[in-house]
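Assemble the whole structure, with the sequences as input and the hints as a guide.
There are 2 protein chains.
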Amino acid sequence: MHASAGLVGEFYQLVLAATYHGDGLWGEATFDLYPRALPAGWGYLVAAGLEPILSMLEAFSFTEAEVRQLAALPAFSRAPSSFFDALGRLRFAGDVAAIPEGTPVFPNEPIVRITAPIWVATMLETRLIQLAGTATAVATRAARMVDAAAGRPVLDFGSRRSAGGESSLLAARAAWIGGVSGTTNAHAAIALGIPPFGTMSDTFLAAYGRDAAAYDAFRLHFPDLGYFALPDHDPLDGIARFARFKDRVNAVRIDHEDLLPLSRSVRASLDTAGMKHTRILGSGQLDETAIARLVRLEAPIQMFAVGRALAAGVEPGMQLAFRIAELQRGAVRSPVTRAGSARYPGKKQVIRFESHDLLCLDVEAGAWSRTGAALLRPVMAAGRRLSEPEALTTIRDRRAAMVQALPGPLRLPVATGARDVRISDGLAALALAE
Amino acid sequence: MHASAGLVGEFYQLVLAATYHGDGLWGEATFDLYPRALPAGWGYLVAAGLEPILSMLEAFSFTEAEVRQLAALPAFSRAPSSFFDALGRLRFAGDVAAIPEGTPVFPNEPIVRITAPIWVATMLETRLIQLAGTATAVATRAARMVDAAAGRPVLDFGSRRSAGGESSLLAARAAWIGGVSGTTNAHAAIALGIPPFGTMSDTFLAAYGRDAAAYDAFRLHFPDLGYFALPDHDPLDGIARFARFKDRVNAVRIDHEDLLPLSRSVRASLDTAGMKHTRILGSGQLDETAIARLVRLEAPIQMFAVGRALAAGVEPGMQLAFRIAELQRGAVRSPVTRAGSARYPGKKQVIRFESHDLLCLDVEAGAWSRTGAALLRPVMAAGRRLSEPEALTTIRDRRAAMVQALPGPLRLPVATGARDVRISDGLAALALAE
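These protein sequence lines map, in sequence, to chains A and B.
When we follow the working numbering, the leftmost residue of the first sequence carries the number 1, and every step to the right adds one.
When we follow the working numbering, the leftmost residue of the second sequence carries the number 1001, and every step to the right adds one.
Each hint should be verified, as a subset may be incorrect.
As the list claims (entries may be wrong) - Derived list of chain B stretches under chain A, where covered just means 3 residues or more per stretch with a C-beta under 8 Å from a C-beta of chain A:
no., region
1, 1128-1134
2, 1156-1166
3, 1196-1207
4, 1308-1322
5, 1336-1342
6, 1386-1397
7, 1404-1415
Keep in mind that the hints were calculated from the coordinates and are not lab data.
Just so it is clear, CB atoms sit at the ideal spot from N, CA and C, and this is done for glycine as well.
What follows is the structure, given as structure tokens:
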């Protein structure tokens, strides 16, 4: 059931590509991948997904069998045969500029800018939206929760709620970029070096006749894994189980929809039981608003485990757009300003100043980039990467520093105010051109 | 970044497996994969994901490199080396029984029942929950929307909102089982034979200087694809674009959060323009409640395109559990009734009667299965499939017939009443045993 990168997209992109190709529209086009808006109450997005996108572009191709199967679809019966020939030979040989992963971005700022023949760029749309959309959603959600947790670790327990495989690795990587302190995902632990986490649950106890036997077996083989779940049905009673090895219980997990009262009574019971060193890990429908509330009310929870909020994928209101911004027709390369094109036309740059961002034409950027930072950097030329993949820690540190530097109101669970994103005169003139 | 099936799970399942293995707990165990509850307002679930699960079980293994990397994790430094040896040689050789895909199921009914050494079965938990959870969520969501649409086709436009790759194919397959009439997913169209759909959008027009040139090119190569989007900013005005080839416009798509008034005015404009044959395809945050409302109010919409509701994955309240039900300790195989085990212990069967379901012990099932239908069937023995994969149309037809046969109140967008799932005396006695 595996498919080449070329086929993992939407049917209609292939239809459009065939039409462009058959119609001789082979000119280079520049497409922008950008957020149209922010979900209600969000003050920023954390760009993520670039590295998976570059890997996808390097692998972008169709097998002979796939080309044959595509050509055999009834809808393609009158599609030009030259298109299928080209598809069989296709490798991505375009140019890519991108805003580095981990950077906060705002509506209409291109996070990835691709220049390639229009019929090729068209076929990338769905994969780009899937990869960057999912990664950006998860990284942003993680960053917002980490911010709300005010220094307490947030753990990514989303793996089992995902569809698994590639998508859960993509999400685990994005959550780590967003600042979580660990993951339940074994593949992410091994492939990406993210610290693995989990708590010893009642399921394990069930296989043993006596709890003591279960704990002894576990502690023999995993003496340093000191995270234990308290039973949902009777968490306070569960504390007594640990009496024999209470010094080695680093944390207990409580899972409940109302963690405030429960965490307080568990804390009191732990203290009474001589387990002041044991931290409390809380879970149960947590999101940034719930975490901020627990922190504000000083709930005695030292760690937050988040499942669904990190596995929910693309949030309503934050879908990415991949739209044409510039096109070469014959010998002329010109901005595209018709309906259906990018919100702002032309090949653009994003300049970040302390107080605001400026969206301008690439040719205007030189002047501005002396006082501000140009965010879009070339990452691929003629289909080849211009540098090694960034280390995940570099990306994660960038996110930490740049989110930290955002104004407080944008970082609230319900953001107040919005980033000032200005449009250069040159760009504004173009946008009005038609 | 690809990993063997064995590694695509949660870290803690590997920890537990190592503990069981190191502790000599090698006995056969039977685990149930079952829904604990239904999301609020849902009257049933459509079981799905079995075929991907069987493929996963056939591929379940670890590469040498993965075993080495796992053993090198600090947490595993004192895990038994015999575990890693066993891991390197491991293939799934257990028995599997399952309720056929497409069957409506209810809380506590095992949709998949796996018998294997406990340390092996333990490692399957996350993958089973991911695959069956995602597929069941999507198939159920699709079935509920198809039901609400009362004969009008529902199309799966969820692909671009997913994380892509494996997960979007899994979802497209499940949506088809649930009854959608087509997909935007190219891979699903080719690999699974699901009819591909999509609408010609403004993005395509943007690349051309004049709309007429764009439409001519498109119609030359795809004369039979008669689905066109109306522009969001001015849908009524957009109808005039089609004047030259209005006979070939099979459907126009409108995308709006309030489709009722818009569909009525578009219908009137189409009729005035001599396009009575042109159907309206509606999209915009659609779910079963919205579709039912539009149908009830007789909105002139002939087809519904659904994105997010088919890509949202596992709904709150429907997470699947994978819990131990029976275990062989030494020479004795006995039901597990401790906290952390399955809600009902023992190796079970589900008998479907017209008026109710009966959850009973496998050994009790013979008597009941003369008057009712035993739903769990053996599908794998000693790691080998007992039959060819079911045809998707068989599964889809089963879903259609069996959902149709459910009482009306369970099929409502907000279900009233619940299926009567009874517990046999033998099972009830066991559940009370401890």
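Proximity test - 8 Å, beta-carbon atoms, the region 1196-1207 of chain B to chain A, at least three hits:
holds (count 12)
Can you take a look at whether the region 1336-1342 of chain B is actually covered by chain A? Rule is 3+ residues, C-beta closer than 8 Å.
Since three or more residues must qualify, the claim that chain A covers the region 1336-1342 of chain B holds, with 5 doing so at under 8 Å.
Has the region 1156-1166 of chain B got at least three residues whose CB is nearer than 8 Å to a CB belonging to chain A?
Satisfied; 8 residues make the cut.
Verdict on chain A covering the region 1404-1415 of chain B, where coverage means 3 or more residues with a C-beta closer than 8 Å
Violated, because only 0 residues of the region 1404-1415 of chain B bring their Cβ atoms closer than 8 Å to Cβ atoms of chain A.
Check whether three or more residues of the region 1128-1134 of chain B sit with their beta carbon closer than 8 Å to a beta carbon of chain A.
This one holds; 5 residues, not fewer than the three required, reach chain A with a Cβ under 8 Å.
Check of the region 1386-1397 of chain B against chain A for coverage (Cβ-Cβ below 8 Å, three residues minimum):
violated (count 0)
For the region 1308-1322 of chain B, do at least 3 residues have a Cβ located nearer than 8 Å to some Cβ of chain A?
Coverage by chain A holds for the region 1308-1322 of chain B (7 residues, Cβ < 8 Å).
In this structure, the hints that do not hold are numbers 6 and 7, in rising order.
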